[in-house]
Amino acid sequence: MEHQSPARPAAMDSYLRRLRFALAPLPPEARDEIVREIRSHFMERLDGAADPERAFRETAAAMGPAEEYARSFVDDYRIAAAVAGGSGFAMLHVALRLAGRGIRALLGVAVLLLVFTIALALVIVALLKPIFPAHVGAWYAPEAGIVAIGFLDARTAAQASELLGYWIIPIAILASTVLYRVGTTLLRRFLRWHQTPSVEP
Amino acid sequence: MDLQAWKSQLRKGAAEFAVLALLQQRERYGLELLECLRRDVGLEVAEGTIYPLLNRLQRDGKIVARWVEDPDASHPRKYYRLSGDGAALLVEMRRAWSEHTRAMARLTDEEGFE
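These protein sequence lines are chains R and Z, in that order. The working numbering puts the first residue of the first sequence at 4, with every later residue one more than the last. The working numbering puts the first residue of the second sequence at 3, with every later residue one more than the last.
Calculated from the structure, these hints are not laboratory results. Treat the hints loosely; a few may be bogus.
Stated by the list, open to error - To give an idea of the chain Z side of the interface with chain R (calculated C-beta under 7 Å), a few residues:
1) ARG30
2) GLU49
3) PRO54
4) HIS77
5) ARG79
6) ARG104
7) MET106
8) ALA107
Built from N, CA and C at the ideal position, the CB exists for glycine as well.
Construct all of the structure, not just a fragment, from the sequences and the given hints.
Below, the structure is given as structure tokens:
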């Protein structure tokens, strides 16, 4: 027996159009597949409904606005692409987009930014040491309150002892590499945690 | 700690496990999975949240999908089933779940919880 299609509300086509537009960051095949499946979901809800318009309104209300609903797919796609690529900076870029979603996300991103900033600072130290050997180093002068790795002006450097000499170059590069790896691992875990879907209504 | 927030985190982790376990029983489509999760598993899953989850599981190769023109429906349905990787993952999830529930049972029994 041929099953009759329920009358399709105009609002459904509008929702699906907005959904397709909001899914623009995804590859076309992925976007089409999602829209097709959501259309099927709506049609399933409309099947047998005495009032298809009302059934659609209730289903769409439960799904949320098309633009917000699309975000879960787009975020997921961006996270997957960043994690698959493996680049810490690409993952950090995605994480920064997610930072505004809640206090936990914000704190997580803040910690990760700190780790990457320190790693970058160590690379800069390693690069500047050969250029400014008298100003760049691991400085120690507790009586003057100086315990630092970095660049000091001539007057301040004169008050402190430089501890590592040119050994700071390989040490800074090694420490930077370790921090980058740690940061990338933490970032991957943060993004994967963010991928786990919330199922709450 | 807020009890509702804790329960929410608990359910978040259980949803993937439940979906894979349901797909091991037989092939199902999205809305069917949603109804099973609500009715049989007791997970209050929001309308539509099933699809990002299925999308990710499919992208990760844990499930495979096909479109079917069901005779009892007016529209095609996207059916999902476990892949080999998905079945292997489910075995590991079951093992981890059993270990966890045994450990929690031991803990709560030892503490004399009612």
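We went through each hint and held it up to the structure:
1. Using the Cβ-Cβ criterion of 7 Å, the hint placing ARG30 of chain Z at the interface with chain R is not satisfied: the shortest such distance is roughly 13 Å.
2. For GLU49 of chain Z, the interface hint holds, the least distance from its beta-carbon to any beta-carbon of chain R being 4 Å, beneath 7 Å.
3. At about 4 Å, the closest approach between the beta carbon of PRO54 of chain Z and any beta carbon in chain R falls short of 7 Å, and the interface hint on this residue holds.
4. Interface restraint check: HIS77 of chain Z against chain R, minimum CB-CB distance 4 Å, threshold 7 Å, status holds.
5. Look at ARG79 of chain Z: its Cβ gets to within about 6 Å of chain R, closer than 7 Å, so that hint holds up.
6. Against a cut-off of 7 Å between C-beta atoms, the interface hint on ARG104 of chain Z is violated, since the closest Cβ of chain R lies about 24 Å away.
7. For MET106 of chain Z, the suggested interface contact is broken, since its CB lies about 20 Å from the closest CB of chain R, more than 7 Å.
8. The restraint placing ALA107 of chain Z at the interface with chain R is violated, with a minimum CB-CB distance near 25 Å, outside the 7 Å limit.
Figure legend: structure checked against the earlier numbered hints; hints not met, in rising order: 1, 6, 7 and 8.
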